[in-house]
Amino acid sequence: MKIKPSVVLSALAAASIAACGGGGGGSSSPPTYGASTAGTVGKGILIGAKVEALEVSGGTLASRGTATTNAEGDYSLSISGYTGGPLLIKISHQTNALMKCDVQAGCANGEATAAFGTTLPLPSDFALRTMVPSLASGDALTRCITPLTELAVSRAAELAGRVEAISADNVRSAFSEVSNLAGGLDVQRTCLVDITNPAKVAAATPDQLAVSGLAAAVLAVNGGTPTAAITAMNAAFTGGTIGKTALDGLVTAARTELQAVKDGAQNNAAYLQIAQTVANTQGDTVDPQPGSTANASLIAQGKALIDEVRGLVRSLENDVEGAGSNAVVTTFAQEIDTAAAAADAQPLFEAFALAVDTARAFYAEVPDGESDTYVLPTVDSNGADVSATITVNKPAQGNHSVTIVGTVTDYTTDLALAAPADVAAGGDFTAATSGTMASASGEGLSAEFDVDVSLTELSFNADGSLAALDAANFDGTLTFAQIGVTDPVSFTGTVAVKVVECSTCARVDSDQDGAFDDDYPGNIDLLTLAGTFSRSDAELGATITIDMDAASVASFDPRLPVSADNVPSGQVSIQTNASLDGFHSYAVALTLTLNDITSLNGGQNGNLHNVNGTIVAILSRDTQTITITATAQPPTQTANVFDLRIANQDGVSL
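Position one of the sequence shown corresponds to residue 6 (the working numbering), numbered consecutively onward.
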């Protein structure tokens, strides 16, 4: 495969270097007037809080301006008397200052408590900070203040020994580290939003929601007062490292907080990237490093971003081109193909379905309170007679159970199913199935699974058969592995499926031919498949999540063509990791947020047009992170239009 990025990137560079953001060399003549800064403050939104700009000057902190946050948590601050040093912007308590609670479980300040979306007095000892390496005369900078910027200031103070000694290089290095820690988010310039306000949530970008979720998670994880929670967060990052368990707990809590306010928002690319960092890190701690050009000049940073993109693409190109001559990649790819072929060629799922359907029919024949066995005779692909024994146990109290042991078609089978005896109309049903199946020949494929099934709000026909249900959930673990080979490829992972609006989901034999109808399987609201293909010397991990908005799914009919009034909105995310001997390690996190489609052009299912959506991709190679964001703009008559932004973890962008 040949990829030639140089021509495109050179053209982009010529047009874009002047617009590159990020920290970097201050003015050669220190400015003395005319600068200002603005932004949004929060852990959640802080209302009526004091804002003060303090310049690091001569080993002290000198006041350069004050302001107060408004009802939206915004501030605007004019800087005066500034002489060119790093600028600390600090939020603190003043009379009548309030904090809006952004944690689902509620907040406390030591004296008062508040429910999600309500306010409580800001603690008297509360402080939250950000820093600017330097200001140029006339600058009007947007600088956000969040727990993530506080973490960077705490780290900069650690690098310098004390706050009053922080240098511009300390600021840039610390913010680069924290941005890497936060999945490539530009923490200096990404402001949080009020996640207690549905309108604000709906209008927020994925990065804003990611920062907002992490800000809420700091208190959700650490508990106590906001001050204590922030102190605990800073302590957890002492030395520029953080425990894998702590980082995983933080992003897990952030996902929970976001999921509660917007379906799908928890699957953004930054969180996927953090999860990849945790999964890929050896040992117990994560050690994010600052970007190699974090302390370079603006022009050098702009050039470095172009080189980073070139380097990433060229390494992909070289690795792909080299794959044909690399035994590890070639063999691994061939064996994944072989495993896939084995799954396709042998009727594993047909054997499973045959066993379960036969067990279901036999179960219905066994009277309540009794047990019985049935031998399922069948013939394998070689014409040999094989059989499995089905045992049904239907006690008067407790769970009923079914076991299937023996050979079904070409697979040795050991399955167990358990479920409650009776479910009343409108009630719920929970069952569990587990077991193993393996190719009877000793070559091919084996499978092991453990899946829980829950059905909610069941209704029944007059004869007692299932008529409909409100939702069906499937959660469990799956393992597939080659058998009969020396170094097998295996897949181990989890699956979660939520099916909603199942008014006609129940399997029905409408024409009485003994076969169930499959005309309407229901709408999949959530699907997650996560796992790893691995061999002794190679690994490929992947996670695929489809999380649709419940309200959209409720009005979507999968039997009809996609149209302007029949399209689900939601989020699709994909996460992959690749680790092969002799190659770079790659990680890719991609999310597509689809909000609406207002028109269609041609095609049986329509060519989607006027798409209101965002695509975010984060690509990492070793310690290099590139974020690509495509945001929908008003379309032309014939095409969708997207703004494209390429950035690194330090906020330098094209």
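Quick caveat, the hints were computed from the structure, so don't treat them as lab data.
Glycine residues also receive a C-beta, built at the ideal position from the N, C-alpha and C atoms.
Mixed in with the good hints there might be a few duds.
[Stated by the list, open to error] Here are the computed lysine to any residue pairs in the SDA-like style, where the Cα-Cα straight-line distance is at most 25 Å:
no.	residue 1	residue 2
1	399	423
2	267	286
3	249	229
4	55	207
[Stated by the list, open to error] Derived Cβ-Cβ restraints for the label pairs, each shown as a range:
no.	residue 1	residue 2	range
5	208	489	52 to 62 Å
6	480	358	40 to 50 Å
7	265	484	30 to 40 Å
8	264	289	20 to 30 Å
9	649	481	52 to 62 Å
Hint check:
no., hint, verdict
1, 399 x 423, "holds, 10 Å"
2, 267 x 286, "violated, 30 Å"
3, 249 x 229, "holds, 22 Å"
4, 55 x 207, "violated, 29 Å"
5, 208 x 489: 52 to 62 Å, "holds, 56 Å"
6, 480 x 358: 40 to 50 Å, "violated, 20 Å"
7, 265 x 484: 30 to 40 Å, "holds, 32 Å"
8, 264 x 289: 20 to 30 Å, "holds, 28 Å"
9, 649 x 481: 52 to 62 Å, "violated, 39 Å"
Checked against the numbered hints given earlier, this structure breaks hints 2, 4, 6 and 9; the rest are met.
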